[in-house]
Each structure stands twice: as C-alpha cells, then as structure tokens.
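Visitor: Each chain, written out:
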Amino acid sequence: MDLHNSKAYTRRVFLQQGAALASAAVTIPTFLQGAAEALAQTPGVHGSRPGVPDERILVVVQLAGGNDGLNTVIPYGDASYYRARPGIGIREEGLIKLGSSRTERGLGLHPRMGGLKSLYDDGMLSIVQGVGYPNPNRSHFKSTDIWHTADEGGTGDGWLGRFFDNKCAGQQGAGCSGHEAIAIGRTAPLAMQGRTSRPIAFESEDLFRWTGLEDSDSLVHEAYEQMTSEQPSNAAPGSAASFLTRTALDAQIASDRIRDAVGVRPLVQYPRSRLGQQLAMVASMIRAGLETRVYYVTLGGFDTHARQGNVNGSHANLLAQFSQGVKAFWDDLKAQNNDGRVLMMSFSEFGRRVAQNGSGGTDHGAAAPMFLMGPNVRPGVVGDHPSLTDLDGGDLKHTVDFRSVYSGVLEDWLKTDGAGVLGRGYRPAKVVRI
Amino acid sequence: MKPLEPAEFGFDQARHLLWRAGFGGTPDQILTLASWGPGKSVDALLDFSDTESYSAPSAREFDGSIMRPPSERERRALQQARQEQNENEIARLRRIRQERQREDRRQVRDMQRWWLTRMIESPRPLEEKLTLFWHGHFATSYRTIENSYHMFQQNQLFRSHAAGNFGELLYAIIRDPAMLAYLDNNENIRGRPNENLARELMELFSLGEGEYSERDIREGARALTGYSFDGNGFAFYPNRHDPGQKSIFGKRGEFDGDDFVTAILSRRDCSEFMAQKLYRFFVAEVPGDRSKRGRAVANVIKQIASDLRENRYEIRPVLRRLLMSEHFYDPSNVMARIKSPAELVVGTIRSLGTPSRDLGTLLSAMDLMGQNLLFPPSVKGWDGERSWINTSTLYVRANVANYLVTGRSPAGMDPLADDRTYDPMGLLADLRFGAERDPEAVSDRLLRLALGASPSRERQWLIKDLFEQRGTIDAESVREALSLICAMPEYQLC
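Protein sequence lines, in the order shown, are assigned to chains C and W.
Sequential numbering from 2 applies to the first sequence in this note's numbering.
Sequential numbering from -5 applies to the second sequence in this note's numbering.
A couple of the hints might just be wrong.
Stated by the list, open to error - Each computed DSSO-like pair below joins lysine-lysine, with the alpha-carbon atoms no more than 30 Å apart:
| hint | chain 1 | residue 1 | chain 2 | residue 2 |
| --- | --- | --- | --- | --- |
| 1 | C | K143 | C | K168 |
| 2 | W | K374 | W | K296 |
| 3 | W | K271 | C | K168 |
| 4 | C | K335 | C | K168 |
| 5 | W | K296 | W | K(-4) |
| 6 | W | K374 | W | K286 |
| 7 | W | K286 | C | K168 |
| 8 | W | K(-4) | W | K34 |
| 9 | C | K143 | W | K374 |
| 10 | C | K118 | C | K431 |
| 11 | C | K335 | C | K431 |
| 12 | C | K168 | W | K374 |
Stated by the list, open to error - Stretch-level coverage of chain C by chain W, calculated; a stretch enters the list once three of its residues show a Cβ under 8 Å from a Cβ in chain W:
| hint | segment |
| --- | --- |
| 13 | 154 to 168 |
| 14 | 221 to 228 |
| 15 | 236 to 249 |
| 16 | 264 to 271 |
| 17 | 328 to 336 |
| 18 | 346 to 359 |
It is worth saying that the hints were derived from the structure and are not from the lab.
In this text the structure is predicted, and so the values were computed from the model without any measurement.
We put the beta carbon where it would ideally sit given N, CA and C, even for glycine.
Kindly generate the complete structure, drawing on both the sequences and the hints.
Guide: Below, the structure written as structure tokens:
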C-alpha cells in the first residue's frame, strides 16, 4: 500500500492492516490514532488501581418533567407528609423501608422500586437528599437548562460538553474518538453540547447512518463506501476538505462499530420499556468497548399535575420502569464484568410541591433526591431529608447544590478539575468511594 | 482591492457569488448571472430594495401580547393571594402564567418556520443572509428572554438594516427590548449598574476583546443606565439614569447611551473589528491572531475597514466593492467555508430546486446540526466553520440533504413528513442538456453545480460509473447521483 497516495488508502484496507499503520497513514481515523497514541504512552489499557480501569464511564439518566421526589424517597416517618398528601401519600405498610441509620430512619422507597432496593442492599446506590439550587426556577424549560449548563441563568454550554471541550482541546487523543459522548434520543441534550464538542445522538442505531443506504442496492452501497473512505485527490492537507474527509471516516467507523455493538444480544433480559431498551443499547456499547465516556438516556412523563396515583398509577408506573430498567442494566454490566467502570447518575429538573393539588397531582416544585449508582458509589443516604414544614413558598428548600454533586462526579470519578468545567469551585459531594 | 476583470466572471464565479451573497442558485440563475457579468450581478443581489419585496407567510398573525407584563389587577390578585397564603390561588395564577409561556413557545416555533420559509423563498436572498449575519453578530436567545415577540421585533430590525448602516444598527440595538432583556440592561440602574450590555457592546458587537479598558466598561454601563423597555417598546427611565460625568476612552462628558455608541463608532478598532467579521462571513475564516494572517488577506481586511470608515459604516458600498473584487473570487477563497446548517438546508433547496418539504423536520435537523434559529448558544453567537462538523452532525447533514432529494425522512423524524417526489430533470434542462445525455458530461455538470469548480477525478468517476451501470440517465438515477453527491464530505463546503 502506497501511503503517499491517498487514493490507495481506504477504510477496508485500513481495517485489514490495523492500527500498526496509524502513525504513518495520511488520513487516519481519529479514534485509531488516539488508540495508537494511548498504547504508545501507557504500558496497559487498564489503570494502576486493580479492578478500576482508567477509562471510566458515566451514564446519565434524565427523568424529564420534574419527578416527584417525595413519592420516590418517601419520608413516611414524618406525619406532615401525610397531612400534605392525603390522597397521593404512600402508606407506610406498602413501601420499601431503607434501614435504621440516622439518615435512613423514617424513609422508604416507592413500593414499585424493588429493583432499586436490591441495588441499595448491594451497596450500589447512593441517595443524595434535598438537591436543588438557589432561587429555584419552576419552568421546565428554564430549570432543565440550569441543570444542563450548571449555570444559574441557564445559559452557556452544557456541563458535559465543557468537560469534553477541556479534555479534547487541541488534541484528539484517547477518549476523544469522535464518539466520546453518545445520547440516545432524537435530539442531543444541551448538557452534552460544548463549544466544539457535540455528542452523537440517535434514537435507534439504524439512524446513525446514511439514510441513502435504505432500499438501495449494492451499487449505491459500494459508491458510498468508496466516497466516504477515500480522500479526494484535490484536498490539500490541513484544508477544510481534508478535515471533512477525516471526520467522515471517523463517522463511518463509529457508525459501523455502534451498529455492530448494539446488534449483539444482551446478556440479560431487559424490560420492553423505552428506558429498558435505551439502557440495553448503552450496555451493549459498553460491552463492545467503545471509547465512549458519557452516555445519556432520558425517560419522560414525570410532569404529574393530575391523577398521579400513589402505590399504583402513572407516577408509580414511571418509577417501576426506571427501577426495572436500571436493575437489568446493572445485572448486564455485572455479567459483562464491566460494572466497575461505570457510574450512573439520575436527575430531574425539579421536584414537586409538598402538598398535592386539587386534581390528585402535584405542581412544579424545587428540591428532590438524586440517585448515584454503581459499585463505586458511597452507598446509603447522604444528608438529611429537607424539612416538610420549613418551606419556601410551599416547596422544599434545597440542602445540597446539584453542582456539588456534579463536582463530586467530575473530580472523583472522571478525574478532572471540577472548577475548570463548572466555572467555579463547588465542594465535591462525597458520592464516589474511590 | 482590485476589481475582477469581467472576462474572468463565468459559471463558477457566478455560482460562488450566489452562495456567498445568498443561499446558492439554480443552474438557470447561475447562467443568468454569468451572462450579466460581475457588476450587474452584484448590483442585482445587493440592491435588493429594487427587487419586489416578499411578505408571505404573513407576520401579522404574530401576537405581541402573549408575554405582556401582568396588569395592575393581576398583580394585585397575586399579591393578595400571597398575603393570605392562599396556595390554591397562587398555584392557579402560576398555571395561567405557565400556559402563556407554553403558548409563547409555540409562537417562537412558528417564527422559526416563518424565517426559514423566507430564506427558502425570498427573491432577496442577501437580505435574509444579512439578517442571519446580524442575528449571529448580535446574538440573542429566546431561551433567556422567553418573549417571542421581542425576538420577532429584533429579527425585523436586522432585516430593515440588513445592508444599511452599522452605526444606526448599533444605536438601535441599545433600544431593542430583546437585547436589553438578554443582557440585563433593564436592571442597569443608577447606583447599581449592570455592566453586561456595556461589556458585550464593545467586546462582541464593535471593538473586540482588549480594545477597551475595564474603566470604559464601568463608565459605559453608567451611560446606559435607564435604557429599558416597557411592553414591546423601548423606554428610557430618567430616574434610573445616571446623568453624571463619565470618562470613556479618555474623553469626559455627561454621556448617555447614544454618546457611548458614538464614542465606539469613532474608534478605528471598530471598523477593523467589523471588517474582519464581514470577511469571515463572506470570504473565508481568518486566524484570530493578526500576525498569522497572510499579507493579501490582511490587506483586504484593512481595505474593508477603511471602506467602512469612508462610507460612515454604510454596509452596501463596502460589500459591493468586496463582492466585485478579484480577491473574493480567488480560487483559495472558493469552497473555503463550511456551510452553516442554514446554508446547507436552504442552499440545497435553492440550488437543486428540491421541494422544501416539512419545515419542522428541517428545523429539528438544524438544531441537531448546532444551529437553532433564534436560539444561538450564547451572546458570542455561533462559532461556525469546523465547529459545525463532527461525526454526528455529518450524518445529520447527509441525511437532511437526502431527505430533501429523496423525501426519505432523516433520523428519527416523522416518516410521513412531506415525501413528495422531487423531479431533478429540470436541473438537467437548465444545465443545457438536450435529448442526448452523456454520462461523463452529466456527472461533470452535476458535480460542478454541487461541488464547485474542480471536483476531483475520483468523484467524477464515481458518478459517471453510477450512470453507466444504471444504463440510463433518468429522474431516478439523477436523484441517486444527487443524494450521493450531497453525502460527499466536500458538499459541506461553499
């Protein structure tokens, strides 16, 4: 293969000959270049701490619409809970009690969250109480932006986008593969939109590919393969055209790898719910060893203004979907022996008001608990439940700023400077054990 | 700046002009401009007020009262409910407010459709292109201000000054409710100044970072105190204004906002900053570091700056000279920019004559590609160029183009959204093909139309091969060829 003749270089040849040629080739897929550099620099792919590989993964689960935190982690020991929620309060008999330590006493999980309780019992769940931010905004739109940007005005780039901007600035090394951030969904969340870094977003793997390949014959397929893998002879090195060709090649490879990855049957049975299917895709991509550091999935429908139910009903069904999906995900990761690489974090843009409203539902509120999951979390309940009587206009007052939780994840899990990503320093919440 | 020799102006130059001073053109439009020569072509694009104005779809239906401030009665009702701790009443009033916000978000989506339609259909493409330029320059986002009508008014302001006077626009922007809200100037009050607008007015809108002192910001902010809005109009509140002595750029006076703008416009840095912005938008990306710019580029930017000063910031004559210059058509500046999502979507429709299809689908795709109209990511606007491109956006780009050509909806979008058949044969007729169709000639013409002057040999073989293997050049095979061409990495260039 003549490496100086760019035409001779095609993806197929590359994949056949492998990464050994990476440093010499004219146009190299970024991820292979990164991998080659990483191999050259470090003796092994895995890190120094036994059982904790350096390539750590964060999975974010957004519960969109404003999850009712009070009916998720239930303060059954506080009579004012039942006074405020005569119709929708969850009775003590049905719920899953957490334990008897100081922070656990009087708390229970919603009865439909058995899966989450088993994670809790295995020391894989951390519940951070009373998470919110000052001057809470009760617009879905605005509050979601605030959580995504980690900015009180809800403006600027996404916090995970900034993480990748910083990490990948000026270099395309390991972890900056062109598919370092993947969101499952039709649109990419603001949280992952950086100044320069953008996540891959797809609802199903079939969509992360050129739609011209559908219903077309081998002639079109071959032409497409050829044209996305060869550098046009008139593209000068360093030009926009050569940058585009290189990115197209990266995209082609990411697309192939992602579709191969999720085409494999998961090791465990997932629930057929939307979230279950999304998490199954994420687990398959982790199993396939993609260079992706952050995955993002979303479960919507938490805007329960009316008839949200209690032990059963619309809110209960959402919590069950969440709990079952998450449980299957962790079973899968354990079976893959990848659980030690992964941390999962769930959040919602706000909690809901303490008192139920006139329609058997709850209106937009403020603080709520956050969940962190994985074998490396600091398990248990972190912090006290916010007071149900000392309220801010009918809403819980937050005791933990969500940016402290982000900071804990950034510093202790992703091993990066939290202040560099969040714009200023927040005391990292101690949510990660190692 | 040496003007281009009229003899040098052919198909490729006309094509380049149409892309940069608009959103691309059909073969017919390109050939017409080529026959006109550079002078008449640039005049036709630039003197758009001579072109019939374009009003559809109607903007009159936009409702300016959705986000009106609460009336005295509504304010009192809320106050009373709070005093009485009437939680149900507070919740009810909050729900009414939320319903209005929902309605306003619907309206801002209608406005996005309205603007995108204008870009696609307007007989004055440069007017819309410049409106987009100003939107990126004076970036204001609906996300922050949550008032669609203010966004609409600002958009109309940009349109009315599109190729007009930059100075006038700068005086107008410190009176624009959307901008005043976006940069918090409604909270800029004597004794408690808010410096947001004063800072960005210099850093991002006129002078560039480092061309002013922190003191200029502080004093400029004092000059802007009391500049606010009431409902949909500008309001100056004398009791919030600080009338005292200020010192801006070393000059002293009892300056107000207009004096501050006047002081900015008199700075040489202002013309240089705007020259560079115009160059980046119309010609090519340049290094931020001036010492890294080539001599020819640096000279042209200097010349644009001096033209701006000479013409007292009238944009039209400055653009006329630039768009007629030899430098603008230099091969190193052709196909040198990466299309913005708006240019990609609108340009594909306008240059290939595809159906415009479902606007909601196109807008979602633009959002995925990083350009959500009326929602720029920050006051810095869109970074543009290479920041548009990554592994994910490239697929969205290829798929949205494929949607326009074939009707097959892009990733995750409504599969039934406007899938009517596109007939590309008009394109071949425009490219002056008769009954005899030679695969090599057809592929060459299609590639020249879509990829500019010099498509590579590989691309020519690829498309020629396709026609030869299909054994026919009909609507089907031309559509196939076009969707392949639109998926080529270099289709992202213009």
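Visitor: Does each hint fit the structure? Answer for all of them.
Guide: Hints and how they fare:
1. Restraint check: the Cα-Cα separation between C:K143 and C:K168 comes to about 27 Å, which is no more than 30 Å; the hinted pair holds.
2. At most 30 Å may separate the alpha-carbon atoms for a hinted pair to count; W:K374 and W:K296 meet this at roughly 23 Å.
3. About 29 Å separates the Cα atoms of W:K271 and C:K168, which keeps this hinted pair within 30 Å; it holds.
4. Pair hint C:K335 plus C:K168 holds up; C-alpha atoms about 29 Å apart against a cutoff of 30 Å.
5. Taking the CA atoms of W:K296 and W:K(-4), the gap is near 14 Å; set against the 30 Å cutoff, the hint holds.
6. Proximity of W:K374 to W:K286 is assessed by CA-CA distance (about 22 Å); at most 30 Å being required, the pair is judged to hold.
7. A C-alpha spacing of about 26 Å is found between W:K286 and C:K168, which places the hinted pair at or below 30 Å, so the restraint holds.
8. Proposed proximity of W:K(-4) and W:K34 is supported: the alpha carbons are some 17 Å apart, at most 30 Å.
9. A hinted pair counts as satisfied when its Cα atoms are at most 30 Å apart, and C:K143 with W:K374 qualifies at roughly 20 Å.
10. Our distance criterion of 30 Å between C-alpha atoms is met by C:K118 and C:K431, whose separation comes to about 21 Å.
11. Restraint check for C:K335 and C:K431: the C-alpha separation of about 24 Å stays at or below 30 Å, so the hint holds.
12. Restraint check: the Cα-Cα separation between C:K168 and W:K374 comes to about 22 Å, which is no more than 30 Å; the hinted pair holds.
13. Using a Cβ-Cβ cut-off of 8 Å, 5 residues of the segment 154 to 168 of chain C lie near chain W, which meets the minimum of three, so the contact claim holds.
14. Look at the segment 221 to 228 of chain C against chain W: 5 of its residues bring a Cβ nearer than 8 Å to a Cβ of that chain, three or more, so the hint holds.
15. Beta-carbon proximity to chain W at under 8 Å applies to 8 residues in the segment 236 to 249 of chain C; the threshold of 3 is reached and the given coverage holds.
16. Counting residues of the segment 264 to 271 of chain C whose beta carbon lies closer than 8 Å to any beta carbon of chain W gives 0, which falls short of the minimum of three for the stated coverage.
17. Requiring three or more residues with a Cβ within less than 8 Å of a Cβ of chain W, the coverage given for the segment 328 to 336 of chain C is violated, as only 0 such residues are present.
18. Using a Cβ-Cβ cut-off of 8 Å, 4 residues of the segment 346 to 359 of chain C lie near chain W, which meets the minimum of three, so the contact claim holds.
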